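Protein chains: 2
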Amino acid sequence: MNDPILVEVTRGSLVESRHAGRAVVVDADGAILFSAGNVNAPIFPRSAVKALQALPLVESGAADAHGFTEEMLALACASHGGEAGHVETAAGALAKLGLDESALECGAHWPSFKPAGAALAREGRKPSCLHNNCSGKHSGFLCLACHMEEPTQGYIQPGHAVQREVKAALEGATGAVLPDGMRGIDGCGIPTFAAPLVAWARGFARFGTGHGFAPDRAKAAARLRAAVAAHPWHVAGTGRFCTEVMQLLGSRAFIKTGAEGVFLVALPEQGLGIAVKADDGGTRASEVATAALIARFLPMDDPTRAGFERFVRPELKNWTGTLVGGVRPAGALA
Amino acid sequence: MNDPILVEVTRGSLVESRHAGRAVVVDADGAILFSAGNVNAPIFPRSAVKALQALPLVESGAADAHGFTEEMLALACASHGGEAGHVETAAGALAKLGLDESALECGAHWPSFKPAGAALAREGRKPSCLHNNCSGKHSGFLCLACHMEEPTQGYIQPGHAVQREVKAALEGATGAVLPDGMRGIDGCGIPTFAAPLVAWARGFARFGTGHGFAPDRAKAAARLRAAVAAHPWHVAGTGRFCTEVMQLLGSRAFIKTGAEGVFLVALPEQGLGIAVKADDGGTRASEVATAALIARFLPMDDPTRAGFERFVRPELKNWTGTLVGGVRPAGALA
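Here the protein sequences line up with chains Y and B, keeping their order.
Taking the working numbering, I'd label the letters of the first sequence as residues 1 to 334.
Taking the working numbering, I'd label the letters of the second sequence as residues 1 to 334.
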């Protein structure tokens, strides 16, 4: 069954491209307020669940025992752009553990923030594992491994105590069972588990409210939300959607993207979780669909709404700066 | 009406993402040998039609009058990666006209070939219009403007004599009328016209055979095909799909991609044209769909077919080099 078109890309007066997808808005009890497409089919949430994966880091006391700062907690939830401040924060987190980048098992890639890559190239350097967008999350995993007195080597493997804790946190938050048959390998080497889109949305409604969480887990969730709200640059970076939306909305929205067109959002005041999957994996589509749903479910004053419009209907300009088209919500999101 | 799923992306044992699209295979008379999705809806071909846009450059005698080399003709059909050799060829073409990069109206952007960008950054330089993937095409437009004794300034505007010639070549090749209402602005500033996918496929069947072209136009098409077959690196670059497929298949396939998930292919020996549009604009989808259709319609010996398989079913590896999934044809293309 095809999912509905949720986002269109225009050029001149025509629709040039279009994105099908799934989107759902639920409360912490699982009541569905909005649904489009097959929201019961399993999807890999990828990096969108980093905040849930970071719950054991805080709840266990590992982060506090090792003196992790709020910036380090935000970075544990991040897909960062590899900017200098991100790299320094990750290196600082590892230093708190008496480790360095050689302990990271995430692999290296060039920073997604192009000026950071250009700066590396200018200095004749190559990126390290610290530049990997997941280096903060992995530093958090290593912190948990140290705290549990488990070997740090192999912390990305499904059978390692850290990944077993992380999986339990995901199952606890979503209420979904995550069997081995639903497991894939993420870009950074850790397990990623597929579950219904609606389950991830419910997990984020709970993450945003603590409703359905044990007290210590609810406290950990509030702590991570506060860290990201205070340091939204650490969760993505300069010019990035997650960062800019949270800079505008503050603690009223916790937003995290994942590879292959995934977004998970918590709206704590409304008690809602939002989950979006662009079927084709396109980020521009998942961004616009997510913005459209936030605009629908989060009350905003007029100046905020005006500032938010560019996320809902971004313009497309060409290399000469000429306006050539745009991206806009379609179908059930229009 | 939704188009069918043509390409799937797997992770582990699951389908993580999927791409809907349209694809059509026709001969020069317009007989349809394969069709999936709504192939009569208009699509912008974008850079996939650069070879048709270069027909007036050759047919008019402009290229020969100004001593354009075969590499410069290949670059006129190119979306190049901004590698040093591409930039030198474009600069050389402009020098033949007594012009330099200041005459280019395509705008500047960083090379898509990352080492070329890193080299620029290392030298503290920024990209110029020569690095724009369209600089070869624009050099060809300037050559035509000089040859027609028209002003070079404004050569990208719809009313300029060059763009009127280019539009006439597109209409002649496809048999489609291209009214102003179907016009958008391309990434490099020139007009792009939407027409049915099947019309673009027919245009490429004619481009590949000369069937339906006047003799001088047929000769120009053969000249451009030969230039690209001899210099496939110039039409895209290191590691790029168009280049690597043509390095494998030689003059048996003329292949060109365009932004937003478009591919146009001519199979001269078979007398066929292929047109593909990934609805969401995704390049990985259009590449795999195109490869699947080439594999179906172009006879290959066993070693060639074995070497071609990686284009039909590319593997996906993560940052640590672990195989995590793949991309594969689906539905009518499976």
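For the record, the hints were derived by calculation from the structure and aren't laboratory data.
It should be emphasised that the depicted structure is a prediction, and the values quoted were computed from it without experimental measurement.
A couple of the hints might just be wrong.
For identical chains, the list gives no copy identity; a pair is met inside one copy or between any two copies.
To be verified - Think about it this way: if two alpha-carbon atoms lie no more than 25 Å apart in a straight line, the pair counts; the simulated DSS-like pairs of lysine-lysine are:
(1) Lys114 / Lys126
(2) Lys167 / Lys114
(3) Lys126 / Lys219
(4) Lys219 / Lys96
(5) Lys219 / Lys317
(6) Lys317 / Lys126
(7) Lys317 / Lys114
(8) Lys219 / Lys167
(9) Lys317 / Lys167
**Q.** Copy assignment of Lys317 with Lys114, given that the CA separation must stay at most 25 Å
**A.** So Lys317 and Lys114 pass the 25 Å test inside a copy (19 Å) and across (22 Å) alike.
(Q) With identical chains, the pair Lys219 and Lys167 could be close in the same copy or across copies; at 25 Å between alpha carbons, which is it: within, between, both, or neither? (A) within (19 Å within a copy, 64 Å between copies)
Q: Could you figure out if Lys167 and Lys114 sit no more than 25 Å apart (CA to CA) within one copy, between two copies, both or neither?
A: Neither way: Lys167 and Lys114 sit 33 Å apart in one copy and 36 Å across, limit 25 Å.
Q.
As a check of your reading, is Lys114 near Lys126 (CA-CA no more than 25 Å) within one copy, between copies, both or neither?
A. For Lys114 and Lys126, the Cα distance is within 25 Å both inside one copy (13 Å) and across copies (12 Å).
(Q) Reference check for the pair Lys317 and Lys126, CA-CA at most 25 Å: within, between, both, or neither? (A) Classified as between: cross-chain Cα gap 20 Å, same-chain 31 Å, threshold 25 Å.
**Q.** 25 Å Cα threshold - placement of Lys96 relative to Lys219
**A.** Within. Shortest intra-copy distance 23 Å satisfies the 25 Å Cα cut-off; inter-copy 70 Å does not.
Q. Can you tell me if Lys126 and Lys219 fall within 25 Å by alpha carbon in one copy, between copies, both or neither?
A. Cα proximity of Lys126 and Lys219: none, with 39 Å in one copy and 48 Å across.
Q: Give the relationship of Lys317 and Lys167 under a CA distance limit of 25 Å: within one copy only, between copies only, both, or neither.
A: Between copies only: 23 Å across, 42 Å inside.
Q) Between the shortest in-copy and the shortest cross-copy C-alpha distance, which are at most 25 Å for Lys219 and Lys317: within, between, both, or neither? A) neither (44 Å within a copy, 37 Å between copies)
This entry does not satisfy hints 2, 3 and 5, going by the numbered hints stated previously.
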